[in-house]
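Going line by line, the protein sequences match chains G and W. Under my numbering, the first residue of the first sequence carries the number 1, and numbering increases by one thereafter. Under my numbering, the first residue of the second sequence carries the number 507, and numbering increases by one thereafter.
If you are wondering where the hints come from, they were derived from the structure by calculation, not from laboratory data.
Estimated spans, in silico, between C-beta atoms of each pair: (1) G/Glu-394 <-> W/Ser-621: 42 to 50 Å; (2) W/Ser-621 <-> G/Ile-62: 36 to 44 Å; (3) W/Gly-803 <-> G/Ser-334: 53 to 61 Å; (4) G/Leu-44 <-> W/Gly-817: 17 to 25 Å; (5) W/Trp-566 <-> G/Leu-13: 36 to 44 Å; (6) G/Ala-80 <-> W/Val-565: 36 to 44 Å; (7) G/Arg-39 <-> W/Tyr-660: 47 to 55 Å; (8) W/Trp-566 <-> G/Thr-69: 23 to 31 Å; (9) W/Leu-878 <-> G/Lys-198: 49 to 57 Å; (10) G/Glu-394 <-> W/His-804: 54 to 62 Å; (11) W/Lys-630 <-> G/Ile-62: 42 to 50 Å; (12) W/Gly-748 <-> G/Pro-38: 42 to 50 Å.
Every residue gets a Cβ at the ideal spot worked out from N, C-alpha and C, and that includes glycine.
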Amino acid sequence: MNTPLRRVGLVMLAMIVLLLANTTYIELFNADEYRDDPRNQRVLYEEYSRERGRIITADEKIIANVKATDDQLQFQRTYANGPLYAPVTGYYSVRYGATGLELTEDEILNGSDDRLFVRRLSDLVTGRDPRGGNIVTTIDSRVQTAAYQAMTGNDFTGAVVAIKPDDGQILAMVSTPSYDPSGLADHDPDVQEQTYNKYRDSNAPEKPMLNRAISENYTPGSTFKLITAAAGLADGRDSDTQLMAAPGIDVLTGEACDPSDGSTRCMSNYNSRTCGSGETASLETALELSCNTAFAQLAAEVGEEKLVDQAARFGIGQTDLTIPLQVVPSCVGSRADGNCMDIEDEPSLYQSGIGQKDVRLTALENAVIAATIGNDGIRMHPQLVQKVLAPDLETISEYDPEELGEAMSAEDADELTDMMILSENNTGGEGKRDDIEIASKTGTAETGADPKNTPPFAWYVAFAPADDPQVAVAVVVESRDVAATGGKLSAAVGRATMNAALARGN
Amino acid sequence: MASPGPAGPPAQGSEQPGGSAPTRRGTELAMLAFAAGLMTGALMLVEVNQEQQLTMRLVWYGLAYLVLFAVAHAAVRRWAPYADPLILPCVALLNGIGLVMIYRIDLALTERFGSDDWSAAAPKQVLWTTIATGLFIAVLKFLPDHRTLSRYAYMFGLAGLVLLALPGMLPAQLSEVNGAKIWLRLGAFSIQPGEFAKILLMVFFAAFLVSKRDLFTVAGRRVLGIDLPRARDMGPILFAWGICVAIMVFEKDLGTALLFFGVVLALLYVATERFIWVGVGLTLFAVGCVLAYQLFGHVERRVESWLDPFGLYETGGYQLAQALFAFATGGMFGTGLGAGRPDMLLYQANSDFITAVIGEELGFIGLTALLLVYMILALRGLRSAVAVRDSFGKLLGGGLSFTLIMQIFLVVGGVTTLIPLTGITAPFLSAGGSSLLANYVLVALLLRISDAARRPQTGVKPKPVAQAPIAEAHTVMVERPS
Chain G
1 MNTPLRRVGL
11 VMLAMIVLLL
21 ANTTYIELFN
31 ADEYRDDPRN
41 QRVLYEEYSR
51 ERGRIITADE
61 KIIANVKATD
71 DQLQFQRTYA
81 NGPLYAPVTG
91 YYSVRYGATG
101 LELTEDEILN
111 GSDDRLFVRR
121 LSDLVTGRDP
131 RGGNIVTTID
141 SRVQTAAYQA
151 MTGNDFTGAV
161 VAIKPDDGQI
171 LAMVSTPSYD
181 PSGLADHDPD
191 VQEQTYNKYR
201 DSNAPEKPML
211 NRAISENYTP
221 GSTFKLITAA
231 AGLADGRDSD
241 TQLMAAPGID
251 VLTGEACDPS
261 DGSTRCMSNY
271 NSRTCGSGET
281 ASLETALELS
291 CNTAFAQLAA
301 EVGEEKLVDQ
311 AARFGIGQTD
321 LTIPLQVVPS
331 CVGSRADGNC
341 MDIEDEPSLY
351 QSGIGQKDVR
361 LTALENAVIA
371 ATIGNDGIRM
381 HPQLVQKVLA
391 PDLETISEYD
401 PEELGEAMSA
411 EDADELTDMM
421 ILSENNTGGE
431 GKRDDIEIAS
441 KTGTAETGAD
451 PKNTPPFAWY
461 VAFAPADDPQ
471 VAVAVVVESR
481 DVAATGGKLS
491 AAVGRATMNA
501 ALARGN
Chain W
507 MASPGPAGPP
517 AQGSEQPGGS
527 APTRRGTELA
537 MLAFAAGLMT
547 GALMLVEVNQ
557 EQQLTMRLVW
567 YGLAYLVLFA
577 VAHAAVRRWA
587 PYADPLILPC
597 VALLNGIGLV
607 MIYRIDLALT
617 ERFGSDDWSA
627 AAPKQVLWTT
637 IATGLFIAVL
647 KFLPDHRTLS
657 RYAYMFGLAG
667 LVLLALPGML
677 PAQLSEVNGA
687 KIWLRLGAFS
697 IQPGEFAKIL
707 LMVFFAAFLV
717 SKRDLFTVAG
727 RRVLGIDLPR
737 ARDMGPILFA
747 WGICVAIMVF
757 EKDLGTALLF
767 FGVVLALLYV
777 ATERFIWVGV
787 GLTLFAVGCV
797 LAYQLFGHVE
807 RRVESWLDPF
817 GLYETGGYQL
827 AQALFAFATG
837 GMFGTGLGAG
847 RPDMLLYQAN
857 SDFITAVIGE
867 ELGFIGLTAL
877 LLVYMILALR
887 GLRSAVAVRD
897 SFGKLLGGGL
907 SFTLIMQIFL
917 VVGGVTTLIP
927 LTGITAPFLS
937 AGGSSLLANY
947 VLVALLLRIS
957 DAARRPQTGV
967 KPKPVAQAPI
977 AEAHTVMVER
987 PS
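If we strip away everything but chain W, and leave its shape as in the complex, we get:
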């Protein structure tokens, strides 16, 4: 009645400047509320099924969760208003489900091992989530433009290498936990530097490939109708391959090696648009697999317990067999939250095997829903990468999205015996600070890229130097920003 404009477009948000592109922050808030509702409901179910009474703990966990994501949402509103509205809610949902499951597994393991032998992981996870949210906000605030990263690409690459190599170099008492030398133990808490190295190296590779991409498109010798790359262009992929083999040898970390190599391969393919790189990569991968199986006992054991977890029940197959029991017992609908037996999976129930617990308690349907949430998250990231205007953003966004799916593929594929168990954690779900911090940085970068993709181009046009070559350009030269 008071409004004069009869045919105006529906208002979408106060900070929408021109009315041309909706920010969709309202959608994000609604979806976050939905995720919070789901998480609280899940927590209540656990409480009801486990202790048959609702304790104050539920209120505290629920509140901590709500506050965290309200702050994260506010930060997105403030510093990345055009970011994709589904990415943060997906993360919130996954993190929430993860917290509920970790809390639920705490109850089971405390019951089984006693509070002396099992210290609750859920409070730590809440703390790590808080720190991760802080880091998430910091990235959004201090990185207004993702292209800035490409300026420091070589520095990031070097830092990534150092972080990756550090645990391998250090003495075992500082870096080894459960046979994997991937830790950095600093007094009371320990971190996995490899998680951060992944992102740093990805930034490096994206920037490196953008600047050198045309080199890789030059055909070398033609053999049997296939254009082979030139031998000297094989450098980067051999380098990456060498790093992965080194990780396997010195740190016994199959998962990181696989993940790293897979992402490099994807980046190389996207940058060059040539399948031949995938072919070369897979060949190297196959050679690496055979070598690792032949040379390293821990790889051979992993493969053997993968092939016959029930036959090797007493000697290494126990957890895999129990994971399969968990899926089978859960069946279609699951036993219900809090009604399964995660304690059968022993101490790794809340990290590497958390998806088995979800498969048992939420069933095939719950696991499917979970995988679809990852799918949505990664596809939204990929969509942003497609829509963003600069090549570096495209490559980085695509790589980050692919990392998410690759991780969940290795985790779920491992516990369902599709592939050998590689000992990697499920992003946002599993207990573990390093993985959480790194993945929140990853999501902050994705949000930054999607904000750039959807932000209406108003005001001053960016300087041509700052704008990376568009996808269709055939220019070779890239001016180094000064």
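Just chain G, with the same shape it has in the complex:
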């Protein structure tokens, strides 16, 4: 009987080997798929049990931290000054996922990034719980705070973006009204849900969770005249080139017309004024006074192809820009056909030349335009992350400034800067300082189907100091006042932001 007993023993061995082989097969070939299955919430819980890295400003203020909790999700995200930095950090929620840097830098923050691999191994050996790496942003808390307070102090809805022209670092990115991501990071699902609902759709028509700096694009109005002017300069014109001074221009023929006769074909200057005092107006005067007819004529003369090309050189139409947050594309034409860089017809070209019709820019894009002019025509990649630090604060990687090409020649940029200085001198509002020369352009963008009775978007784009730019800024305010203009509303916010940036001392 012993021989069959031994054979039964072999069968038993074979059964165990079969089990091990099957488990090995699962671990080798299916484990990755199973781990990443959305129905497998273990990975999520594991992520929450790891000490998430911090998000820090360039001046070393911690804006997203963690605190240890005594529940199963061991660490809770905290936001020291939630609404101020929400457009930068985004939120990190068990239930609603993540946005902002919490989303794009998640692998660093949760410690799973390959660059942290060696440290994870050493954590394993030393028995430490693995921790996430830290993100140092380019945001400066003083600039961010100045911009945020300037906006909320006036109860403005809109966005502010401040960029360092020479390397593209974003010093401030503000969107108002804002929201506090702290409630969304709470471990109590009810608190998360209440917070989320409070900020959502019907409960919050002012859309506090919308990042107006990069996720919304606005009609740029007169600030787009910088593009038209740059296209004109590139096409051989200069600041003395004479343009139409008439109060109105016929968008079919390009002839002067009288806005008071009520024709819808007659596009007029602000308040139907004549541009300057002469028969014609120079390009310089037209920009200084922001004359619509002159720029409409210039756009038509330069032509669609060159205008669109100039816009593209400034980054308009770029669909894959990340900072590393995803930025919605800016456009010159209708986005109905998927390509938003086509101006549909001649009348549209006149209107596009002054930033109306289908032209849409994000606040970030408009700040990039100002920064590019201030940086001798060289466009830099805008960037929100300065450094990635390991859990032990050792630098893992650092942002290198990246040139995105020459938008205009240095001479043309200088000439345009001089015109913007004149424009700034013609713009009212608070915050001007004698010791700092600013180059700027305002815009009052008509919106809606009935523009005369709809409050406009008030724009202000600028850089300072004009001769050696340290900061470029774009401000957009969704005004509630029908009669508002860019100068009155936005310029003060922009100047406050730039003054804070210049006061940093570097």
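Chain W: place on chain G using the hints.
Structure of chain W alone, referenced to chain G:
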């Protein structure tokens, strides 16, 4: 210095009588201490990972465990001094890991469902372990010779049949839990009589086959060069097959049916040394599978959720899918004890799916180690069966060992989708009193057989009648002991 004998053999234990065969009880004690150490360490890890502080509960569970196995060890020393030294430590280790996991799953399920909807299983399991140890000791004490069992074989067989059939006959409110009619609900607690029936029937089959084994070796007709058994010798296997089908139909218990049939097949093969019985058995098995799949909805559903647990996630595949997620998330080294998510497996995390929790928290390595412990346990049992001198002991020992591996194969194979899920519990690991009691009896019998195998034959020779035919004998007749 005081010792006069310069070249004496090293002392192995006080109760070693002649010095010819070491009892190895010292080894057993050392291995038990090792198992206790492992269990306490595991419990501490759970506490640290779960609550970040060490509570008094740990001391109580640890103490209860130590006392239990100290008593069991003493009983083995007293009544089965020559028993295999590794069997009890293996059981202790498995039971200890089981207790830790059940306690750990209690924490997770209480957290998830609240203490109103989840009553802790660990205290019950400690209680059942205590009772099981009592039963274990009783078997060792009152069964000095396993051959005694063969005298009552037919009685055991009848009792086994009754126990097996009982839940199927009773009304559902007395016997049905979660769709399986395998329970006997007696007031506050319930038992699964099938667990005990398994052992009783195995005793019967072993005794029956020993007495009738030569009948089964008579060749019948020769077809295509294969000696088929005679048709009338097919009785026992058809009988066993019929019982299994009945279990599936009336009690919806796939696991017990499979287990029972597998063990009968193994016994038949060992007793007759003829492969043809395996062939006949597998053919019957295949027919049974096809019939069950065609006729019974619950079998069909099991097979479907086995084939595509992710596709049927909402309708029956949930737990299997979560078990696979658990293995995948555990990976090679596991998440660590107390750091996994057993609550995702819902209420069956501590019974049918306990090996999935182990796979998640201890990883592939932990699961492998666990399977190897079962392997060692079963192979030690088989070794005793090979070494024991009587045929009944050989057959019973082999059958008991095979049962252990068969159970763990059905459990782990089920949760890793190697085979369809059969709803069987892992011996010594899973929460559940009946399984624990039955498996402790099983181990007591194995220890009894191994004690007989290793006990030096001194003193009076046993009467020839009491000695079963040796393996090589060709004698047909067995005298019935009077």
